[in-house]
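Chemist: Starting from the known structure of chain A, fit chain B onto it as the hints suggest.
Those sequence lines, one after another, are chains A and B. With the working numbering applied, the first sequence corresponds to residues 331 to 448, in that order. With the working numbering applied, the second sequence corresponds to residues 615 to 727, in that order.
Among the hints, a few may not be true.
Said to hold, decoys possible - Here are the simulated BS3-like pairs of lysine-lysine, each with C-alpha atoms no more than 25 Å apart in a straight line:
(1) K435(A) x K627(B)
(2) K666(B) x K435(A)
(3) K400(A) x K435(A)
(4) K333(A) x K400(A)
(5) K400(A) x K440(A)
To be verified - Now the stretches of chain A that chain B is said to cover, found in silico as 3 or more residues with beta-carbon under 8 Å:
(6) 362-375
(7) 405-413
If you are wondering where the hints come from, they were derived from the structure by calculation, not from laboratory data. Keep in mind the model is a prediction, meaning the values are calculated, not measured. Think of the CB as a built atom: it goes at the ideal place given N, C-alpha and C, for glycine as much as any other residue.
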Amino acid sequence: AQKITQTQPGMFVQEKEAVTLDCTYDTSDQSYGLFWYKQPSSGEMIFLIYQGSYDEQNATEGRYSLNFQKARKSANLVISASQLGDSAMYFCAMREGGNGGSNYKLTFGKGTLLTVNP
Amino acid sequence: DAGVTQSPTHLIKTRGQQVTLRCSPISGHKSVSWYQQVLGQGPQFIFQYYEKEERGRGNFPDRFSARQFPNYSSELNVNALLLGDSALYLCASTLEAGSYEQYFGPGTRLTVT
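Isolated chain A, as found in the complex (with noise of 0.2 Å):
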């Protein structure tokens, strides 16, 4: 089974407007962290945001937050006001297990390719 599902392969938006990109996830673990990455055409990794399992608020940087829902294991990326420079493919990640114990594996998605039109 996968453990990251992103079921939207591509999402257009209008320039200042807000855009949700979904991801589920599937672990056993009490203990994990969820992240996002958006990667630009020139393919480094950009991290975005993180939300730890036992953090009780939604994570929020800036224009972006993240839509934490528990029960339903989902970890959706919300992006307020979209600008030209938000066309970029956009990942979600797991790290299973608690923060330290040197283990830093993240297992990714399929990513979305997000567009912004003017």
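Modeler: Okay, now just chain B, sitting in the frame of chain A:
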């Protein structure tokens, strides 16, 4: 501060050859991980090294090997290259605090012909 650096940026090899990819982590980061990203897919975990010891290995054949040096830089070696090894190889170093997020380098694009 410099980010994660990787070399070379692009590489073209022939089937059966061997290749070595290099990575320098962010200063102060002791862990380096390697990922393979085939076109149209998310990155797949290959190896993780922490303090020069292998701490994790993904589902890759023994043709793939890696090591980490005393200065925490790392090399990924792939022997007997196959066409299917063509991919973007990403190196990441880990912030060992807080969320332990991984910072990725620009990648090495390997083409096997």
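Chemist: Now tell me, hint by hint, if it's right for this structure.
Modeler: Taking the hints in turn, this is what the structure says about them:
1. For a cut-off of 25 Å, the pair hint linking K435(A) to K627(B) is broken: about 28 Å separates their Cα positions.
2. Taking the CA atoms of K666(B) and K435(A), the gap is about 16 Å. The hint holds against a cut of 25 Å.
3. For a cut-off of 25 Å, the pair hint linking K400(A) to K435(A) stands: about 21 Å separates their Cα positions.
4. Between K333(A) and K400(A) the alpha-carbon distance is near 15 Å, which keeps this suggested pair within the 25 Å criterion.
5. Among the hinted pairs, K400(A) with K440(A) is consistent with the structure: their alpha-carbon atoms are about 21 Å apart, no more than 25 Å.
6. Interface restraint, the stretch 362-375 of chain A with chain B: holds (7 residues with C-beta to C-beta distance below 8 Å; minimum three).
7. For the stretch 405-413 of chain A, the proposed coverage by chain B is not satisfied: 0 residues have a C-beta within less than 8 Å of a C-beta in that chain, short of the threshold of three.
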